Amino acid sequence: MDKTNENEKIEFDLILQAIYQKYGFDFRNYSKASIRRRIRYRLNQSNLKTISEMQHKLLYDRQFFGSLLLDLTINVTEMFRDPSFFKTLRKAVIPELKKQPFIKVWHAGCASGEEVYSTAILLKEEGLYESSLIYATDANDVVLDKAKSGIFSIDKMKDYTINYRKAGGLASFSDYYTARYDHAIMDNSLKKNIVFSNHNLVTDSVFGEMDIVMCRNVLIYFNRELQDRVFKLFRDSLRLGAFLCLGSKETVRFSSYSDNFENVAENEKIYRKNGECL
Amino acid sequence: MNNTEMTQKSNNDYITNNHKYKVIVIGVSTGGIKALKTILSVLPSKFELSVIIVMHRHKDADGYLEQLLDNECKMRVKQADEKEEITAGVVYVAPPNYHLLIEDDGVFSMSVEGAVNYARPSVDVVFESAAEVYGKGLIGVVLTGANKDGSQGLKIIKEAGGLAIVQKPETSEVSDMPRAAIAAVKPDYVLPLEKIGPLLRKLESNG
Ligand SMILES: C[S@@+](CC[C@H](N)C(=O)[O-])C[C@H]1O[C@@H](n2cnc3c(N)ncnc32)[C@H](O)[C@@H]1O
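Sequence lines, in order, name chains D and S. If you read the first sequence in the working numbering, its first letter stands for residue 879, the second for the next number, and so on. If you read the second sequence in the working numbering, its first letter stands for residue 5, the second for the next number, and so on.
Check the hints yourself; a few may be wrong.
To be verified - Computed Cβ-Cβ distance ranges for the label pairs, DEER-style: (1) S:GLU198 - D:GLY944: 49 to 59 Å; (2) D:THR1056 - S:ASP64: 25 to 35 Å; (3) S:ASP66 - D:LYS976: 57 to 67 Å; (4) D:ASN922 - S:LYS190: 48 to 58 Å; (5) D:LYS969 - S:TYR122: 28 to 38 Å; (6) S:LYS190 - D:ASP891: 26 to 36 Å; (7) S:GLN71 - D:GLN941: 48 to 58 Å; (8) D:LYS1110 - S:GLU174: 51 to 61 Å; (9) S:LYS78 - D:LYS1070: 51 to 61 Å.
These aren't lab readings, by the way, just hints derived from the structure by calculation. These numbers come from a predicted model, not from an experiment. Here a beta-carbon is modelled for each residue, glycine too, at the ideal position from N, C-alpha and C.
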């Protein structure tokens, strides 16, 4: 590794240290490649010349931190992303949930909420929504506000309709929103049992007695050590026999908590907490 | 290529691998399956470099591509897994609908960041990330394809001291991607498909 590269890596680490000390967001155990990519992107968008200049700006300009925070927490999401996952959820998990009088769902890292509304639709179609409570959390307040509003761009609805159908949707997707100008406003009946709140998986603690935890495409941004911390958090937040759902490239299998979970559908990354190690 | 430099380097940078090059990254789009088969089928099962492939494909694509290449090649072919260690002798294919990145400790990581050059995975993204980790130990290859993805990444590979190979545009099923690469950077080799595999073998043994 040559010198410039080495120095640059130190500078990136210093930025993360500064963010942590000043603002309390801890990115130090995130996967470095994506973090560096995003910091570089912000540098290019700004009129700053070096990463050191950026560090100074970060410390003295809260607004600048806000924009960097949006860059670092990749908030890209969609409704019914990976339709086959939602299809399997319907087939393999819903029948189990139907045995419960009341269902608690936790969407950790829900971004702007598209995934949460997808689950709400699914629960509604299965007659479970009225006896469900959905906690939707993210570390980033900006996207959380968007999630609360339940207003999305109308341009996306075409793709979402396709996803919805592939996911085994039972109705017509347009039943769930009202189109106004270039917006789609999600139906209020989907919102009423969702609680949105800020929760940081790195620094905050357990959310009790969940029946499902869905945390999709968040762990890919964490290194192995941090992934382990979060798997422990999930294990401790789930009741026995409850479900853990991950993104299509995430798995509990290489973590220290692998033994705590059995496969429901390994292909779709659906697991279930087993009784033993408690 | 400079052989003396290689012998010096081999003691510190690549203790487990005496070759100058460590990893080959291949970017390809339209016409990719045929092109990949041609190149990979020439490589032996104990090839001492790792091969990483980024091919543009549908976001819901299943493991068909990996299976097909695995059947046709002597090297083991698999889809790259999250935080998986990159090992010599294995061909890794970037999963659909994710950007593929490489960490300093030689493991894969992934991101759902928006499309780059209308593509996710994007060739530029993995080229840039690989260049940062492997520097002089990296070979970048741009093959047939219908956009300009890969050209900026190939430039970064060269700037980091790596080697750039581009499929000869006239021999490409779709020549946009190779042409864009040649316009962005002066490649070390511009070759028809059949000559790329044998070159990679040569670079393996005396690169
Ligand atoms: C790519 S989105 C995933 C959205 C959705 N789950 C999906 O799969 O479509 C990742 C989300 O994780 C959130 N995130 C990142 N770090 C987090 C942390 N430490 N705690 C909670 N959420 C976090 C980001 O703010 C972002 O909204």
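Consistency of the hints with the structure:
| no. | hint | verdict |
| --- | --- | --- |
| 1 | S:GLU198 - D:GLY944: 49 to 59 Å | holds, 54 Å |
| 2 | D:THR1056 - S:ASP64: 25 to 35 Å | holds, 29 Å |
| 3 | S:ASP66 - D:LYS976: 57 to 67 Å | violated, 30 Å |
| 4 | D:ASN922 - S:LYS190: 48 to 58 Å | violated, 24 Å |
| 5 | D:LYS969 - S:TYR122: 28 to 38 Å | holds, 34 Å |
| 6 | S:LYS190 - D:ASP891: 26 to 36 Å | holds, 34 Å |
| 7 | S:GLN71 - D:GLN941: 48 to 58 Å | holds, 50 Å |
| 8 | D:LYS1110 - S:GLU174: 51 to 61 Å | holds, 57 Å |
| 9 | S:LYS78 - D:LYS1070: 51 to 61 Å | holds, 59 Å |
Hint compliance for this structure: hints 3 and 4 are broken, all remaining hints hold.
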